[in-house]
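S.K.: Chains A and B supply the protein sequences, listed in that same order.
Using the numbering used here, the first residue of the first sequence is number -17, and each one after it goes up by one.
Using the numbering used here, the first residue of the second sequence is number 21, and each one after it goes up by one.
Quick caveat, the hints were computed from the structure, so don't treat them as lab data.
Do not rely on the hints blindly, as some may be mistaken.
Below, simulated DSSO-like cross-link-like pairs (lysine-lysine); rule was C-alpha separation at most 27 Å, straight line [claimed, not checked]:
| # | chain 1 | residue 1 | chain 2 | residue 2 |
| --- | --- | --- | --- | --- |
| 1 | A | Lys18 | A | Lys1 |
| 2 | A | Lys1 | A | Lys(-9) |
| 3 | A | Lys35 | A | Lys22 |
| 4 | A | Lys23 | A | Lys4 |
| 5 | A | Lys35 | B | Lys120 |
| 6 | A | Lys35 | A | Lys0 |
| 7 | A | Lys18 | A | Lys35 |
| 8 | A | Lys18 | A | Lys(-9) |
| 9 | A | Lys23 | B | Lys81 |
| 10 | A | Lys22 | B | Lys81 |
| 11 | A | Lys18 | B | Lys88 |
| 12 | B | Lys81 | B | Lys120 |
| 13 | A | Lys1 | A | Lys22 |
| 14 | A | Lys23 | B | Lys120 |
| 15 | A | Lys35 | A | Lys(-9) |
| 16 | B | Lys81 | A | Lys(-9) |
| 17 | B | Lys88 | B | Lys69 |
| 18 | A | Lys18 | B | Lys120 |
| 19 | A | Lys22 | A | Lys4 |
| 20 | A | Lys4 | A | Lys18 |
| 21 | A | Lys20 | B | Lys120 |
| 22 | A | Lys(-9) | A | Lys4 |
| 23 | A | Lys23 | A | Lys(-9) |
| 24 | A | Lys1 | A | Lys35 |
| 25 | A | Lys22 | B | Lys120 |
| 26 | A | Lys0 | A | Lys18 |
| 27 | B | Lys69 | A | Lys20 |
| 28 | A | Lys20 | A | Lys(-9) |
| 29 | B | Lys69 | A | Lys22 |
| 30 | B | Lys120 | B | Lys88 |
| 31 | A | Lys1 | B | Lys69 |
| 32 | B | Lys120 | A | Lys(-9) |
| 33 | A | Lys4 | B | Lys120 |
| 34 | A | Lys(-9) | A | Lys22 |
| 35 | B | Lys69 | A | Lys23 |
| 36 | B | Lys81 | B | Lys69 |
| 37 | B | Lys120 | B | Lys69 |
| 38 | A | Lys0 | A | Lys20 |
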Amino acid sequence: DTEVTQTPKHLVMGMTNKKSLKCEQHMGHRAMYWYKQKAKKPPELMFVYSYEKLSINESVPSRFSPECPNSSLLNLHLHALQPEDSALYLCASSQGRINTEAFFGQGTRLTVV
Amino acid sequence: AQSVTQPDIHITVSEGASLELRCNYSYGATPYLFWYVQSPGQGLQLLLKYFSGDTLVQGIKGFEAEFKRSQSSFNLRKPSVHWSDAAEYFCALLTDSWGKLQFGAGTQVVVTP
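Could you put the whole structure together from the sequences, leaning on the hints where they help?
M.R.: Below, the structure written as structure tokens:
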């Protein structure tokens, strides 16, 4: 099973809303990632969790708050977003070593209105 | 500084014709390289990877890639494209032990009848 599952697939939220994106993997991977992808652009790394600890925050605004409740789950809490935050949010996981590949979920298409 | 360059933003190819997508990288150490494919509105699917060893690597869906250290290249090829190969293709470089990926800008492949 090489599947990373993201929910929801689509999300529309207002600028004053609070919502969460969820990501789950059952491959025993110890590293999990959030990427943001704008239209016609490559994915850009937001956060890396390794062994359930935040390892990398790529200077992401605090309106994005990641959480890793356990080794299989990764959440991204959203609050007071701006319309320019509308994008495809991708979750990925890997074994976290230098010579391993990352597996991506199908993404959550987020629209901020 | 590390970087990944995909010189071709857009490629149009006839169904049944061969396809080659270019990727050049800049990295000071041993590169770990990947090709991912993304269909519209979908996540990224790993086509193949290069960690070490044989410079010609085979992937899924009939794709292969050749690593050439002297040219800092990792070009993707397919002998005969199918209409279902129409997608965005990303070359990526693993840049640290946390699994951070740096992506090229992507190449959009259009397949004509």
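S.K.: Please flag the earlier hints that this structure goes against, numbers listed from lowest up.
M.R.: 3, 11 and 31
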